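Protein sequences, first through last, are from chains X and H. Going by the numbering used here, the first sequence opens with residue 1, and the numbers climb by one from there. Going by the numbering used here, the second sequence opens with residue 389, and the numbers climb by one from there.
Be a bit skeptical, because a hint or two may be false.
Claimed, not checked - Facing chain X, from chain H, some residues (calculated, C-beta under 10 Å):
no.	residue
1	E539
2	R565
3	E684
4	T685
5	A687
6	N727
7	D761
8	V765
9	P768
What the hints assert, rightly or not - Result set (PhoX-like, lysine-lysine): computed pairs, CA atoms no more than 25 Å apart in a straight line:
no.	chain 1	residue 1	chain 2	residue 2
10	X	K292	H	K538
11	H	K650	H	K558
12	H	K650	X	K356
13	H	K720	H	K694
14	X	K370	X	K356
15	H	K527	H	K538
Keep in mind the hints are simulated off the structure, nothing from the lab. Since we're looking at a predicted model, the values are computed, not measured. Idealized CB from N, CA, C, for every residue including glycine.
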Amino acid sequence: MDAFYASIEIRDDPSLAGRPVAVGGTAEKRGVIAAASYAARTFGVRSAMSTARAQALCPGLVLIPPHFDKYTRESRRIMQVFQRYTPLVEPLSLDEAYLDVAGCERLFGSADSIGMRIKHEILRETGLVASIGVAPTKFLAKLASDMDKPDGFRVIHAEQVPALLAPLPVGRIHGIGERTAKRLERLGYRTIGDLAARSREELERELGSLGGWVHELARGIDPRRVTPRRPEKSHGMERTFERDIASREELRRHLMEFCEEVAYDLRHRGLRGRTITLKARFADFETITRSKTLDFATHLGPRIYAVARELLERVPEHPLRLLGVQVSGLEDVRAPLQQTLFGEADALAVPERDQKLERVAAGLDKLRDKYGAAAVRPASTLAQAGER
Amino acid sequence: MKVTCNRERLREALAVVNNVVPIKSPRPAVENLFFSATDGALELVGTDMEVSIRFRILGGSGVDIAETGTALVPARVASDFVRDLDCDVVVIEANGDRCSIRGGDDHCELPIIDPEEFPPIMRFESKGAFALQGGTFSKLVHRTIFAAAKEQGRYAMHGVLIELAEDAIKFVATDGRRLAITQSPLDTRSMPPRRAIVPTKGLSLFSRVVREPLANVEIQFTENQMALKARAVVLPDGEGGEPRVTEEIEAFARLIEGEFPKYTTVIPNSSENSVEAETDLLTRKLRLVANVTSAETRAVKLSFGKGELEIKARSPARGEASARLPVDFKGKPVDIAFNPDFVLDGLKNCEMTPVRLEFRDRQSPGKFKLGEDYHYVVMPITVET
Numbered sequence: 001m002d003a004f005y006a007s008i009e010i011r012d013d014p015s016l017a018g019r020p021v022a023v024g025g026t027a028e029k030r031g032v033i034a035a036a037s038y039a040a041r042t043f044g045v046r047s048a049m050s051t052a053r054a055q056a057l058c059p060g061l062v063l064i065p066p067h068f069d070k071y072t073r074e075s076r077r078i079m080q081v082f083q084r085y086t087p088l089v090e091p092l093s094l095d096e097a098y099l100d101v102a103g104c105e106r107l108f109g110s111a112d113s114i115g116m117r118i119k120h121e122i123l124r125e126t127g128l129v130a131s132i133g134v135a136p137t138k139f140l141a142k143l144a145s146d147m148d149k150p151d152g153f154r155v156i157h158a159e160q161v162p163a164l165l166a167p168l169p170v171g172r173i174h175g176i177g178e179r180t181a182k183r184l185e186r187l188g189y190r191t192i193g194d195l196a197a198r199s200r201e202e203l204e205r206e207l208g209s210l211g212g213w214v215h216e217l218a219r220g221i222d223p224r225r226v227t228p229r230r231p232e233k234s235h236g237m238e239r240t241f242e243r244d245i246a247s248r249e250e251l252r253r254h255l256m257e258f259c260e261e262v263a264y265d266l267r268h269r270g271l272r273g274r275t276i277t278l279k280a281r282f283a284d285f286e287t288i289t290r291s292k293t294l295d296f297a298t299h300l301g302p303r304i305y306a307v308a309r310e311l312l313e314r315v316p317e318h319p320l321r322l323l324g325v326q327v328s329g330l331e332d333v334r335a336p337l338q339q340t341l342f343g344e345a346d347a348l349a350v351p352e353r354d355q356k357l358e359r360v361a362a363g364l365d366k367l368r369d370k371y372g373a374a375a376v377r378p379a380s381t382l383a384q385a386g387e388r
Numbered sequence: 389m390k391v392t393c394n395r396e397r398l399r400e401a402l403a404v405v406n407n408v409v410p411i412k413s414p415r416p417a418v419e420n421l422f423f424s425a426t427d428g429a430l431e432l433v434g435t436d437m438e439v440s441i442r443f444r445i446l447g448g449s450g451v452d453i454a455e456t457g458t459a460l461v462p463a464r465v466a467s468d469f470v471r472d473l474d475c476d477v478v479v480i481e482a483n484g485d486r487c488s489i490r491g492g493d494d495h496c497e498l499p500i501i502d503p504e505e506f507p508p509i510m511r512f513e514s515k516g517a518f519a520l521q522g523g524t525f526s527k528l529v530h531r532t533i534f535a536a537a538k539e540q541g542r543y544a545m546h547g548v549l550i551e552l553a554e555d556a557i558k559f560v561a562t563d564g565r566r567l568a569i570t571q572s573p574l575d576t577r578s579m580p581p582r583r584a585i586v587p588t589k590g591l592s593l594f595s596r597v598v599r600e601p602l603a604n605v606e607i608q609f610t611e612n613q614m615a616l617k618a619r620a621v622v623l624p625d626g627e628g629g630e631p632r633v634t635e636e637i638e639a640f641a642r643l644i645e646g647e648f649p650k651y652t653t654v655i656p657n658s659s660e661n662s663v664e665a666e667t668d669l670l671t672r673k674l675r676l677v678a679n680v681t682s683a684e685t686r687a688v689k690l691s692f693g694k695g696e697l698e699i700k701a702r703s704p705a706r707g708e709a710s711a712r713l714p715v716d717f718k719g720k721p722v723d724i725a726f727n728p729d730f731v732l733d734g735l736k737n738c739e740m741t742p743v744r745l746e747f748r749d750r751q752s753p754g755k756f757k758l759g760e761d762y763h764y765v766v767m768p769i770t771v772e773t
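Extracted from the complex, chain X is given alone in its bound form (with noise of 0.2 Å):
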């Protein structure tokens, strides 16, 4: 998707558009950017900038506090989209995705024509614009995507490959970043091309083991699948906050906030996570983690939360510039469970109180699901003693 979160901003506020629009934190709020809209990235700002230098860049800036609940809300709308003409949908993000449509021509068409079909239904449903690359591999595909952005539309074909990539800088190969292009021009490859010339061998002795990869991209070689569900390994949330907190009453209702928060999401995954990891950022910008193993996995808040405050006890009592939490060791819920013998008096087993408390997140998870993320929280993360 083009500037999603901004292009979503505009879309809701017709008087936007073509104006410089941002979606970030304020600058006094020590706000990053989190998305430009294209008016804007022609000042320079870009995403991950802090919004201080961003309004520095370009002084017009009209920034719009982020409503994450909406981009998720039509990430799902557009994933569900892409739904229709393939199961194998993998998501990179919120409003990026690789599909694989093999064998869906009978059905639907073309590749070209299924890109093109996605294209305007996404724009038909929700108003916004899509940039779609049709190409035989992931690598391809996601350069199409980029090469006409912002509403692009751009097919590759075997045959166009090598005279497509040959021009193109290194560090346009997917999986190279800053240091390693740098690294290639020092060697003298300055486009995929001067990589392409080169035979196997000889980049696997200049290069390592990166050298076979390297030499395979660079021919349009990608043997990578559509993974619809690529097993997630950890799930968390972290925040910087506006300013330092030093109350740990105030952490520690964050710190609830952020345990129900994931361990809603991880219900929704269908996922459950034994290691619980604290995550503390001080004033001076240190950083430490703190984490527990439990006996059993969960995706209970109250459980998470339990973990994570004893872990919060654990950090050195200064001013807290970042706060996170993290559940890792992920399992599918539906994972063959090894039952015990001596139930609540037994360690490994999972306790009495959890299982009464799964009934309790279900029913909670339902009037979330209707009528959204406010509805029902724990009392004690409300901040104000007028919100109780």
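Dock chain H against chain X, hints included.
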């Protein structure tokens, strides 16, 4: 102290005692062996403060005490040196801060420390002890010890529960997912009922010191320890005469304080489904199918039909497998899934064929009969639907 000793006898004694000696201890004195030469015997004592052992080689059976006394000798070096000596007779001599070990033309000198630093180790008290055949004791240990908990944090399950009551000595071990239980007749009329959790480390030491399976060992439970005394004897050469005791070994283990889980309620009494299978065949087929399971999905499904068992397993990473074998099963087709490691652990100890399995349904424990007065209960693996 000066002692002359048959090398093989000494090597063996050192090997047994060394089993308990820690390589590194916060209390360095226990990294040593306590040698004590008295008029009648050479005694080797080792401890890691949890378990202790006292190994006496009696005079006349390859040991000759030239000069009585005590010495604290570095355990590893001394036993390794004696092991590597190539001779029949070893002379150990300790004086002040030196200990020499001599065998033939070879010898070593080891620095030693004051014997007073070694912690006091109790002696076996025969009063209140009871006797059990050594082989029976070892059998009870081997039948149960494998089922005890290995992972951290399950303190009371890190040992085997021993119960003396109702004319039996009963051993129970569990890790919360499977449980092994066995017993042997014992005249308990003159004893008060007793329950004790003995750490697995102590029990494997005890079964190692049982020298003669047919001879009795003496067992004693004190407030916080279990003690066992075993003897090695040689029979007289000619007619008549008494068997001569050559070795006496006393071993001690500190008991685990804690609440052993209430195991009686989890052992099923009656079950709808019962099946009998040839033990070796079942073992082979289980192992075969378990090859495709992985650490994350360690489960095999047993599907019972008329006269037949099908074993199936699958894991995303390794694929799937199935095997069939004839079994004696009557009743409606039913299935149940287990961790194959648990079942194989039990089958490895199975003393009879066919092995018998009983269970109510796929949610309920499976009960294997592995021998006379020997049962093994395994909780199934269930899949949430």
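Okay, the hints, checked on the actual structure:
The interface hint given for H/E539 is met, as the beta carbon of that residue sits about 8 Å from the closest beta carbon of chain X, less than 10 Å. The beta carbon of H/R565 is positioned within 10 Å of a beta carbon in chain X (closest approach about 6 Å), and the interface hint is therefore held. The closest approach between the C-beta of H/E684 and any C-beta of chain X is roughly 7 Å, which is under the 10 Å cut-off, so the hint is satisfied. Contact between H/T685 and chain X, as hinted, is supported at the beta carbon level, the nearest pair being about 6 Å apart and thus within 10 Å.
Taking 10 Å as the C-beta cut-off, the interface hint given for H/A687 holds, the closest approach to chain X being about 5 Å. Here the hint on H/N727 is kept, as its CB sits about 6 Å from the closest CB of chain X, short of 10 Å. For H/D761, the interface hint is violated, the least distance from its beta-carbon to any beta-carbon of chain X being 20 Å, above 10 Å. Taken as an interface hint, H/V765 checks out: its beta carbon lies about 7 Å from the nearest beta carbon of chain X, inside 10 Å.
Given the 10 Å rule on beta carbons, the hint for H/P768 holds: about 6 Å separates it from the nearest Cβ of chain X. For the given pair, X/K292 sits about 19 Å from H/K538 by alpha-carbon distance, which is consistent with the 25 Å threshold. Between H/K650 and H/K558 the CA atoms are separated by roughly 14 Å; this keeps the pair inside 25 Å, and the hint holds. Distance check on the hinted pair: H/K650 and X/K356 sit about 24 Å apart at the alpha-carbon level, within 25 Å; holds.
Using a Cα cut-off of 25 Å, the hinted pair H/K720 and H/K694 holds, with the two alpha carbons roughly 8 Å apart. Of the supplied pair hints, the one linking X/K370 and X/K356 holds, its CA atoms being roughly 22 Å apart against a limit of 25 Å. For the hint linking H/K527 to H/K538, the alpha-carbon distance of about 20 Å falls within 25 Å, and the restraint holds.
This entry does not satisfy hint 7, going by the numbered hints stated previously; all others are met.
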